[in-house]
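J.: Sequence:
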Amino acid sequence: MTDRKTIIRSVGAYLPARILTNEELAKTVDTSDEWIVQRTGIRQRHIAAEGENTSDLAAAAGRRAMENAGLEIGDIDLIVCATTTPDMTFPATAAIVQQKLGMHHGAAFDIQAVCSGFVYAVGTADSFLKNGMGKRALVIGAETASRLLDWNDRTTCVLFGDGAGAVVMEMGKPSEPERGVLATALRSDGHFWNKLYTDGGPSSTQSMGHVRMEGKEVFKHAVGMITDVVYKVLEDTGHTIEDLDWFVPHQANKRIIDGAGVKLGLPPEKVVITVDRHANTSAASVPLALNTAVADGRIKRGDLVMIEAMGGGFTWGASLIRW
Numbered sequence: 001m002t003d004r005k006t007i008i009r010s011v012g013a014y015l016p017a018r019i020l021t022n023e024e025l026a027k028t029v030d031t032s033d034e035w036i037v038q039r040t041g042i043r044q045r046h047i048a049a050e051g052e053n054t055s056d057l058a059a060a061a062g063r064r065a066m067e068n069a070g071l072e073i074g075d076i077d078l079i080v081c082a083t084t085t086p087d088m089t090f091p092a093t094a095a096i097v098q099q100k101l102g103m104h105h106g107a108a109f110d111i112q113a114v115c116s117g118f119v120y121a122v123g124t125a126d127s128f129l130k131n132g133m134g135k136r137a138l139v140i141g142a143e144t145a146s147r148l149l150d151w152n153d154r155t156t157c158v159l160f161g162d163g164a165g166a167v168v169m170e171m172g173k174p175s176e177p178e179r180g181v182l183a184t185a186l187r188s189d190g191h192f193w194n195k196l197y198t199d200g201g202p203s204s205t206q207s208m209g210h211v212r213m214e215g216k217e218v219f220k221h222a223v224g225m226i227t228d229v230v231y232k233v234l235e236d237t238g239h240t241i242e243d244l245d246w247f248v249p250h251q252a253n254k255r256i257i258d259g260a261g262v263k264l265g266l267p268p269e270k271v272v273i274t275v276d277r278h279a280n281t282s283a284a285s286v287p288l289a290l291n292t293a294v295a296d297g298r299i300k301r302g303d304l305v306m307i308e309a310m311g312g313g314f315t316w317g318a319s320l321i322r323w
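Heads up: the sequence shown begins at 1 in this note's numbering, then just goes up one per residue.
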């Protein structure tokens, strides 16, 4: 064990080239741009091309994160990939990413916590590195969520998109004791599994299934669950809401993000929002939003950043990071 913290050295992202707008969706399903924007804040989403798999998105985001850190694959000891849409039942998508990046050493495995997957992956990599099981980790959130959709179900098909984001995590220097992952809180409650799920799987139906959701139930629980873990990590670190420079939430629905912001007392200018451009990319949404805010200069060295997510299971979690 060590008192040193794991830092996020770099971020990277990848979005498929194809953009599907609300107007295009309205031509194939009973919906409209106005209806989608009013209820979700979503205006468009990216859709993976035919033959473009989750591992392709993940590997592209991982390469960019390593390039932004000035590192090569030989510098990475661990790959953790958060995804709900693996290339196949097995092997893990992380292992396929390992192969695509040319890595023959270390370990690679997947995390399945649906939309909370990236926060779970950050917490997992943080624990691995602090316990000496490697010096650097490539932590990826990647999804081809469009492959799980019933495109005739307007309550779900308008919500999701594809993409990937990644971070390089490494042990911080003793001279920077305040920088890095300060605390993480992870939660789950399987009693709510049937509020947001897929109606298929290898064991139950020998098929993949489609996303099914009780939207009102998810919304009802989301804000409370989000604030629960946010307050927990603040309490654990002795910080307050006022100390936060940036709040980077899971990008599921702007109404949920706004509701959480109001309940937490966060001014809107401190909240990073990308749901309008990316839609809900599940485990990819938080790293995609991080990448956007780092790339445009909002998130800077020394900023106090809160990431959080809530997804099917239900699962939820938050991590407080000194950038």
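Don't read these hints as lab results, they were simulated from the structure.
Note that CB positions come from ideal geometry on N, CA and C, so glycine has one too.
Heads up, some of the hints might be wrong.
Unchecked claim - Under the rule of at most 30 Å between Cα atoms (straight-line distance), these lysine-lysine pairs were calculated in the DSSO-like manner: (1) 232 <-> 195; (2) 135 <-> 173; (3) 5 <-> 300; (4) 220 <-> 5; (5) 130 <-> 254; (6) 300 <-> 254; (7) 173 <-> 220; (8) 216 <-> 254; (9) 232 <-> 216; (10) 263 <-> 300; (11) 27 <-> 5; (12) 232 <-> 27; (13) 263 <-> 195; (14) 232 <-> 300; (15) 135 <-> 195; (16) 5 <-> 270; (17) 173 <-> 216; (18) 100 <-> 130; (19) 254 <-> 232.
Claimed, not checked - What follows is a set of in silico ranges between Cβ atoms, one per label pair, in the way DEER data are often shown: (20) 175 <-> 202: 12 to 20 Å; (21) 216 <-> 176: 42 to 50 Å; (22) 51 <-> 193: 26 to 34 Å; (23) 176 <-> 236: 32 to 40 Å; (24) 38 <-> 193: 24 to 32 Å; (25) 32 <-> 270: 41 to 49 Å; (26) 102 <-> 23: 24 to 32 Å; (27) 104 <-> 131: 17 to 25 Å; (28) 75 <-> 189: 34 to 42 Å; (29) 297 <-> 258: 43 to 51 Å.
J.: Please go over all the hints and tell whether each is borne out by the structure.
T.: Now for the hints, and whether the structure bears them out:
At roughly 25 Å between alpha-carbon atoms, residue 232 and residue 195 fall within 30 Å of each other, so this suggested pair holds. Between residue 135 and residue 173, the direct Cα distance comes to roughly 12 Å. Compliance with the 30 Å bound is thereby established for this hinted pair. Between residue 5 and residue 300, the direct Cα distance comes to roughly 18 Å. Compliance with the 30 Å bound is thereby established for this hinted pair. Taken as a hint, the residue 220 and residue 5 pair is broken in the structure, with Cα atoms around 35 Å apart against an allowance of 30 Å.
In summary, the hint linking residue 130 to residue 254 is not supported, as the alpha carbons are separated by about 35 Å, beyond the 30 Å threshold. Distance check on the hinted pair: residue 300 and residue 254 sit about 24 Å apart at the alpha-carbon level, within 30 Å; holds. Annotation: proposed proximity of residue 173 to residue 220 is violated, straight-line Cα distance about 42 Å (limit 30 Å). With a C-alpha separation of about 14 Å, the suggested pairing of residue 216 with residue 254 holds against the 30 Å cut-off.
Taking the CA atoms of residue 232 and residue 216, the gap is about 25 Å. The hint holds against a cut of 30 Å. The hinted pair formed by residue 263 and residue 300 meets the criterion: a straight-line CA distance of about 26 Å does not exceed 30 Å. Our distance criterion of 30 Å between C-alpha atoms is broken by residue 27 and residue 5, whose separation comes to about 50 Å. Pair hint residue 232 plus residue 27 does not hold up; C-alpha atoms about 45 Å apart against a cutoff of 30 Å.
At most 30 Å may separate the alpha-carbon atoms for a hinted pair to count; residue 263 and residue 195 meet this at roughly 23 Å. At roughly 24 Å between alpha-carbon atoms, residue 232 and residue 300 fall within 30 Å of each other, so this suggested pair holds. Of the pairs offered as hints, the one joining residue 135 and residue 195 is violated, with about 39 Å between alpha carbons and a cut-off of 30 Å exceeded. Of the supplied pair hints, the one linking residue 5 and residue 270 holds, its CA atoms being roughly 25 Å apart against a limit of 30 Å.
Taking the CA atoms of residue 173 and residue 216, the gap is near 46 Å; set against the 30 Å cutoff, the hint is violated. Note on residue 100 and residue 130: the hinted pairing holds, with a Cα-Cα distance of about 27 Å set against a maximum of 30 Å. With a C-alpha separation of about 23 Å, the suggested pair residue 254 and residue 232 falls inside the 30 Å cut-off, and the hint holds. Distance hint check for residue 175 and residue 202: the Cβ-Cβ separation is about 49 Å, which falls outside the suggested range of 12 to 20 Å.
A beta carbon spacing of about 45 Å between residue 216 and residue 176 agrees with the range 42 to 50 Å that was offered as a hint. Separated by about 32 Å at the C-beta atoms, residue 51 and residue 193 satisfy the suggested range of 26 to 34 Å. The hinted range of 32 to 40 Å is not satisfied by residue 176 and residue 236, whose Cβ atoms lie roughly 20 Å apart. Residue 38 and residue 193 have their C-beta atoms about 29 Å apart, which keeps the hinted 24 to 32 Å range intact.
Range check, residue 32 to residue 270: Cβ separation about 32 Å, and the 41 to 49 Å hint is violated. As the Cβ distance of residue 102 to residue 23 is approximately 41 Å, the hint placing it in 24 to 32 Å is violated. The hinted window of 17 to 25 Å between residue 104 and residue 131 holds, with their beta carbons roughly 23 Å apart. Hint check: residue 75 to residue 189, Cβ distance near 38 Å, so the stated range 34 to 42 Å holds.
Here the CB-CB span from residue 297 to residue 258 is close to 24 Å, at odds with the stated 43 to 51 Å.
Of the numbered hints listed earlier, those contradicted by the structure are 4, 5, 7, 11, 12, 15, 17, 20, 23, 25, 26 and 29.
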